[in-house]
Amino acid sequence: DAKTTQPPSMDCAEGRAANLPCNHSTISGNEYVYWYRQIHSQGPQYIIHGLKNNETNEMASLIITEDRKSSTLILPHATLRDTAVYYCIVRVATRGGADGLTFGKGTHLIIQP
Amino acid sequence: GAVVSQHPSWVICKSGTSVKIECRSLDFQATTMFWYRQFPKQSLMLMATSNEGSKATYEQGVEKDKFLINHASLTLSTLTVTSAHPEDSSFYICSANGGQLKNTEAFFGQGTRLTVV
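Residue numbers (the working numbering), protein chains in the order written: chain A, -19 to 93; chain B, 1422 to 1538.
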């Protein structure tokens, strides 16, 4: 799986949009970008994933650049409960999911009241 | 999304004893489950891949005789930490992929905090 680079930490004011960047310059054509987050002392939670088109769900939006070498996760209206470590993971999406995930250090997002 | 449940949430055991952690997929069948370990202030590290009805596949550096994995059904995998020592104290997390689903987002249990004293 391709390597990703994320800033170690970010602050965001409550109610504002949180934009978390991820670089994945060595991504392959068949690799997806996945985002997970881990709130302190809990298991990770799936947020969103995409291949090349922008994606949106009830939790977040994912913007992938045209060359697919970077992406941004957007939490449109951050709340205190969004404070967590956010992981950007690039991997091939195979039916049945036969592979485990390789977690980097992620970005520790701190939402300030 | 799919639900994965881990039990217990936390456990304290004496050095030299064994501890079993259960991971269940509650609303889907998981032919493959994964076990991770997370030390304080570090990221999750994949320990092993648990396959229903067959032997687990362990990552390099993980002792298969110490971390016994059993995946006897499509909804249950267990991790047994044998002869636990203080250095095994960690946060253990399981995950399962929705095997029948087209997309392969992983669903994680809530984790088990193991403290060996």
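Take the hints with a grain of salt, since some may be wrong.
As the list claims (entries may be wrong) - List time: in silico DSS-like cross-link candidates among lysine-lysine, alpha-carbon distance up to 27 Å: (1) Lys85/A with Lys1435/B; (2) Lys(-17)/A with Lys1462/B; (3) Lys49/A with Lys32/A.
Claimed, not checked - Partial list, derived from the structure: chain B residues whose beta carbon lies under 10 Å from chain A: (4) Gln1463; (5) Met1466; (6) Cys1515; (7) Gly1532.
Think of the hints as simulated: they come from the structure by calculation, not from any bench. Just so you know, these numbers come straight off a predicted model, no measurement behind them. Heads up, the beta-carbon is just placed ideally off N, CA and C, and yes, glycines get one too.
The hints, checked one at a time:
| no. | hint | in the structure |
| --- | --- | --- |
| 1 | Lys85/A with Lys1435/B | violated, 31 Å |
| 2 | Lys(-17)/A with Lys1462/B | holds, 20 Å |
| 3 | Lys49/A with Lys32/A | holds, 10 Å |
| 4 | Gln1463 | holds, 8 Å |
| 5 | Met1466 | holds, 8 Å |
| 6 | Cys1515 | holds, 8 Å |
| 7 | Gly1532 | holds, 5 Å |
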